[in-house]
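Protein chains: 2
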Amino acid sequence: MKFSNWLSQRAVQKKDAIAIIYKSLSHREIWTYSQLENEVDRWVERLLGLGIKSGDRVGLLLANRPQYIILVHALVRCEAVAVFLNIRLTTEELRWQIEDSQTKYLICDEFTQLTANSLGSRIEDLIIENCSITPARSPLGGGSSSINLDNIQGIFYTSGTTGKPKAVPLTYNNHFHSAIASALHLGIEPDDNWLLCMPMFHVGGLAIAWRSVINGTAITLLPKFDEQEVLEAIAVEKATLISLVPTTLNRLLQHPNWQNLQKLRAILLGGAPASPELIDRCLQLNLPIMPTYGMTETASQITTLLPHEIPLKQGSSGLPLFGNRLRIVDLHDTEQELPTGAIGQILVQGASVMGGYLKQLENKAVKDRWLYTGDLGYLDRDGYLYVVSRRSDLIISGGENIYPTEIEAILLAHPAIAEVCVVGLGDREWGEIIVAVIVSNTELSLVEIRDFCEQKSLARYKFPKSIYIWESLPKTASGKLLRQEIRDRLETK
Amino acid sequence: MKFSNWLSQRAVQKKDAIAIIYKSLSHREIWTYSQLENEVDRWVERLLGLGIKSGDRVGLLLANRPQYIILVHALVRCEAVAVFLNIRLTTEELRWQIEDSQTKYLICDEFTQLTANSLGSRIEDLIIENCSITPARSPLGGGSSSINLDNIQGIFYTSGTTGKPKAVPLTYNNHFHSAIASALHLGIEPDDNWLLCMPMFHVGGLAIAWRSVINGTAITLLPKFDEQEVLEAIAVEKATLISLVPTTLNRLLQHPNWQNLQKLRAILLGGAPASPELIDRCLQLNLPIMPTYGMTETASQITTLLPHEIPLKQGSSGLPLFGNRLRIVDLHDTEQELPTGAIGQILVQGASVMGGYLKQLENKAVKDRWLYTGDLGYLDRDGYLYVVSRRSDLIISGGENIYPTEIEAILLAHPAIAEVCVVGLGDREWGEIIVAVIVSNTELSLVEIRDFCEQKSLARYKFPKSIYIWESLPKTASGKLLRQEIRDRLETK
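Protein chains in written order, with UniProt numbering: chain A, 1 to 493; chain B, 1 to 493.
Because the hints were derived from the structure by calculation, they are not lab data.
Virtual Cβ for every residue (Gly too), placed ideally from N, Cα, C.
There could be a bad hint or two in this list.
[Unchecked claim] Label-pair restraints from in silico Cβ distances:
1) 236(A) - 88(B): 53 to 61 Å
2) 224(B) - 255(A): 56 to 64 Å
3) 311(B) - 314(A): 44 to 52 Å
4) 283(B) - 238(A): 24 to 32 Å
Just need the whole structure built from these sequences, with the hints factored in.
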């Protein structure tokens, strides 16, 4: 179905309203909707001039900055497909993704230019852009004025916490329905201003840009997550909404100005399961926390728990957003739907769910429009989702299924434990044994840890068999624990 | 595209939240979302039991009542197409529409039973329903759990102010995008409660039902428009939004309790152009008035002017809602797009615009997804729409195009004139001559009227050549002037 270009419509309706506030250490920029549209016009002309055609795949190798959003909109008008590249990847990893996605052009900036150069040989053209572009004559308003909602807007690579990343193509329909479902769940207020401090190359960052243009509201964009900058932006720029992962929320709570978080009307919490302690603490501090469940394949949040629901539904990720459905199926027999309360694989269906991975071979993941997430969870009788574990994280020890998040939640309640990751390591006797990697400021012994688990009534077979104290835990750019990397490090020790 | 059933989703998410408050003189009923869903379940079973199949056309010959909304949702689940019948039509007119739409079943209630009986011979089945249905065992939850957005939800007949009514098929997509565009323009607040006092058989009434279920908010439903009941419902039921036509708004302003209107957050004004006097008065009274433009073919409002825009954009119907586009073309050469400010035919494109009339023969009305509305208007340089006249109302006198609404707006400023309709009557010398039919409490002479037009600097060729004082003007159920009927009455005099 065809739809008028989202930004162009907002440029008419919201003209002088603020689209983007960009704050970096050195400066502050304001972009109104009509300024944004004018700059997009210029870029469209430039990109078309370079020969970019409908359907071409164009890699974006950029950090967060207004030009990121501008280029995304310009590619929409060129009917090109954006390939969202993680700037923290190694050259080898980028090369693989560029080849896999058949990226023809690569757009970089002064910070990613070196990396881009080293990739140059594999791509047809390389656009070096220091973003001080000289204005091209008068805007021609080239490109397409409408969006075919069924087309692919962009390709994301899943964070790759385990195995090779998979290419997730998301259509305009996916993004549109994700934004609408979010608006229907959270409401829309005229002074909404979403603080974007996640990388734009993750769907959680990009989704904020879509929501804002579809709702016609503002974004406060930061180059990256920084506690001081985030808390200041809330106070100074009057941001009202934010998306965080547990790690970044934790860091904000440790900052002396954490109270600024109370000015927000919503704190969306996703990316990884949040510990009950973190959620409790937010409730005590009167923070409008909203635990969510979502993934790249669902164009961001697909369930959301509202603050007033938390006391009744502790540990839940909430109800599916409008337009989405959930189903829990047996781990071994995926044809069998499980009853209320039983743990199984989480299936998701809805207008924001991808049609399938780019490579057909991997498409056993989507059947009959149901996405087999590989995650484990259950539904309560009111239909609320409880995510138990990422499937790939499941530990099988002595024939028992053990969910590392359950043990992690208990260990995080220990006052001396700041961060923790529980993994299973290969063991001849048990299949796997449970190992806890802990970040802590004080000395901690295995005995203390096991005593604490005892106190918390954890089943003995779930007690860690050994512990490691590390200075920090490796995470993805969006703050998810890199469990595979942690496992790998432990196994090579 | 498939989408989860709208009501079923809300029945999970909003369970005990109020879906409908129904107030009639004799009683008050409350329906929560889960009660509504349960009652729909029962009706689905009953309708399927009667043999209603996917694609069957089912006529609804009912006044406003909760069962109307319940039946609409039940037909969604049966994948049947609702045919919205105006209960004020004559038997002959209904017979024509039933035949034209190939209606197989007719649902009526105790008030429309007699009419339905007299139509009985033409339809396969006739469901007499006094709405005291005995509960069917336990709900089976039959019917489809998903909605194919591309399917036709219902068929409306255009009000028929001129000529034979045309059958307008609206898809679920049309309704969905209409509701979403409205939400994006007006915002969504958790305590939204839309006062539904227009007939459900007009798209303006039905659209409120869709918006509410999609937004998950409440409706206060009245059997019909009544000043006293409307103003009381605002105060007692805490309605926050209302849709009116100029006539009903005028009547509310004349009621001693008009101040209750100030409690609303939005008053959508559609159906017919509002006079500048009416809009000014609302502004002075601090009423959150929103003039709109829309029609059955666009699934209700397609442009809306927000209260804060009124002082700057007097006489405008606002900007197109998100997802819609406007274009003005030459009256004679519809291929030629007109520049800013020039009056021509209004073309509309967007996701809520119908694909075409039911009968293919009439489909010159939609070309390239552009609906040729037949209405006249222009766009200002900011893209705001000004509706000048319904095309069929255009008077051509002495070769000059004359828009009756312009003259009506001036005459309505006269303190003694309550209502007015200006039409052209056939004349050998002039082609047409201008006649004003006036509703007034005092004596008025043609000389006085012409003097008043003079004072208001109206061009002389637009002065009425004769006036008629009537007790009231004939209108459609939705409050639009029946210009053709007024013309007919004058011509047979």
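Going through the hints against the structure:
The hinted range of 53 to 61 Å is satisfied by residue 236(A) and residue 88(B), whose Cβ atoms lie roughly 59 Å apart. In this structure the hint that residue 224(B) and residue 255(A) lie 56 to 64 Å apart at CB holds, the actual value being about 59 Å. One distance hint, 44 to 52 Å for the beta-carbon pair residue 311(B) and residue 314(A), holds here, with the actual separation near 51 Å. For the pair residue 283(B) and residue 238(A), the supplied restraint of 24 to 32 Å holds, since their beta-carbon distance comes to about 29 Å.
Hint compliance for this structure: every hint is met.
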